[in-house]
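So the chains spell out like this:
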Amino acid sequence: MEWLNPYHLQVASFMLINAILGVSIYVTLSTGQLSLGNAGFMGIGAYTAALLSTQHQVPIPVGILAGSLLAGAAGILVGIPALRLSGVYLAIATLGFGEVLRAVLINWESLTGGAVGVAAIPQMGRVILAWAGDRGFSPESLGLQSNQFISLAVFLILLLCTILTVAFFLRLSRSRVGRAYAAIRLDESAASAAGIPVTYYKVLAFSQGALLSGFAGALFAHATSFVSPGDFTYHRAVEILVFAVFGGSEHIFGPVFGAAFLTVVPEALRSISDYRYILYGLLLVLMMVFRPQGVIDPALLRRVRRSGKGTPA
Amino acid sequence: MLEVRGIETYYGNIPALRGISIDVPGGSVVAIIGANGAGKTTLMKTIAGVLRPRSGTVSFLGEEITGLPSHKIVRRGVALVPEGRAILSRMTVRENLEMGAFTRRDAKKALPDMDRVMERFPVLKERAGQLGGSLSGGEQQMLAIARALMSAPKLLLLDEPTLGLAPLVVIDIFSIIREINAAGTTILLVEQNVKQALKVSSFAYVLETGKIALSGPSRELLQEPRIKASYLGQ
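Protein sequences, first through last, are from chains R and U.
For the first sequence, the numbering used here gives the first residue as 3, with consecutive numbering after it.
For the second sequence, the numbering used here gives the first residue as 66, with consecutive numbering after it.
Read the hints as simulated data drawn from the structure, not as lab findings.
In this text, all values refer to a predicted model and were calculated from it rather than measured experimentally.
In this text, a Cβ means the ideal position worked out from N, Cα and C, and glycines have one as well.
Be careful, since some hints might not be right.
[Said to hold, decoys possible] Counterexamples of contact, computed for chain U against chain R with all Cβ distances above 12 Å:
{"no.": "1", "residue": "P80"}
{"no.": "2", "residue": "G91"}
{"no.": "3", "residue": "G102"}
{"no.": "4", "residue": "G149"}
{"no.": "5", "residue": "N161"}
{"no.": "6", "residue": "F186"}
{"no.": "7", "residue": "M215"}
{"no.": "8", "residue": "S216"}
{"no.": "9", "residue": "P232"}
{"no.": "10", "residue": "R243"}
{"no.": "11", "residue": "A247"}
{"no.": "12", "residue": "E273"}
{"no.": "13", "residue": "G281"}
{"no.": "14", "residue": "S295"}
[To be verified] Facing chain U, according to a computed beta carbon distance under 7 Å, are these residues of chain R, among others:
{"no.": "15", "residue": "Q57"}
{"no.": "16", "residue": "Q59"}
{"no.": "17", "residue": "P63"}
{"no.": "18", "residue": "A169"}
{"no.": "19", "residue": "L188"}
{"no.": "20", "residue": "D189"}
{"no.": "21", "residue": "A192"}
{"no.": "22", "residue": "A195"}
{"no.": "23", "residue": "A196"}
{"no.": "24", "residue": "I198"}
{"no.": "25", "residue": "P199"}
[As the list claims (entries may be wrong)] Computed beta-carbon distance windows for the label pairs:
{"no.": "26", "chain 1": "U", "residue 1": "I79", "chain 2": "R", "residue 2": "A301", "range": "37 to 47 Å"}
{"no.": "27", "chain 1": "R", "residue 1": "T201", "chain 2": "U", "residue 2": "G77", "range": "12 to 22 Å"}
{"no.": "28", "chain 1": "U", "residue 1": "G249", "chain 2": "R", "residue 2": "V90", "range": "24 to 34 Å"}
{"no.": "29", "chain 1": "U", "residue 1": "G77", "chain 2": "R", "residue 2": "I165", "range": "44 to 54 Å"}
{"no.": "30", "chain 1": "U", "residue 1": "T274", "chain 2": "R", "residue 2": "V90", "range": "11 to 21 Å"}
{"no.": "31", "chain 1": "U", "residue 1": "E273", "chain 2": "R", "residue 2": "V102", "range": "49 to 59 Å"}
{"no.": "32", "chain 1": "R", "residue 1": "R178", "chain 2": "U", "residue 2": "E244", "range": "22 to 32 Å"}
{"no.": "33", "chain 1": "U", "residue 1": "E273", "chain 2": "R", "residue 2": "T201", "range": "29 to 39 Å"}
I would like the entire structure built from these sequences, with the hints used as guidance.
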């Protein structure tokens, strides 16, 4: 089991958290709303889970659920006034929300610990190891070292969360709700003429995106055991947007691919990791010129499916 | 069936409708005619719930629907075909029709209705799998009307259905309007094509700068000197 490298597992884990963040912006974008507030919602989820588990000894799953729901509720509160805005105006307003939230995290020191952040958050893998250890389990029985087991446990939990998230929203995109989202994205007035409650579905999509960001944030907190306001900056917001722009925002696999690819590449090219944002900018410019719809679009998926008949696309 | 009483609708501080009252009896075709900027589209949008009036009431089948959101009005049986053929251009014809049935709770009846709608518009049946945006102007207008019919409306609001269409297609659209009405759907029609509109309707209102300037049975309006001079070029 030497090949099971905790570092690789950690990169893979970040890939999965980013994939959930990618889905979060995909959901909001699928009604034509461009939100840069998802880093802020991620912060709400992460801090809620972190503070509940460190200060109130709340079990991790409950804290993750609470963080997601609180972020979703914040999404409704931000989403309703944001309905009056669209396009770049909405992007600026949600960006403002993210920055306000970061300022609150830094300045509300009694609750959040200020710029230092929250440390010693129970780490999912360690908690599972301790729990299993109490019942006489030892990772050596699987041929694993403790740190291998911890990283593997985190990875598997995140993998499960990501698969469930993608499956849920894939199913959603083929449902009545998904049809309504697509119609609103294409033409709001046509959608409302067809009797679709546009306001309701736009707020729903916005808060689903917020909830998912919060979910990713809460998972992030319990995967890294440390969060600080610096984790939820403007850079993070843009990074999440880039997952969708690069990967493609017309199909759910687009941002998932974008997140996976853009997480792995800077790690694989560690030597140029400092130039990560230059790479981002360059990639974005090239993509806008050569493939504005992103790497993955429905036409590509159709082609893959046709050429690979028999094998799942 | 539809009663509009003293509607005033504003864009900001600018009045677009200044006390409009109209009646649309069940089973009829009623036309609204008037020059650009008279408020015809504003009136349709106000009835359909897209705009909210500052004062006045809209009642449908004896119940007040003033200020209800548009999807609730669709659910009650009032469907608007907006000006400029608001179809979903990147969805197929079939998907457009499916979206029209969005508000329905009787999913089982929607499929036979789709077949019936396709029968009425053979062009759409031929192009069911094609993207809405690839249709010609007249076909798009037919799709917009067909989509509205998918919500099984009791009252169909048609806003400028022949705008920008070739004369031959205009004739098609008017014969479709007659067929839909003969099949039992009440129609409120806004048209710039005054002659055709007065021929297809039984009653008509003439709108001028947000007020009703004239109204009466369509046949009489066709003979009215003011109409002849202003709209029919005679």
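Are any of the numbered hints broken by this structure? If so, which, sorted upward? Of the numbered hints, 4, 5, 7, 8, 15, 16, 17, 18, 28 and 30 do not hold.
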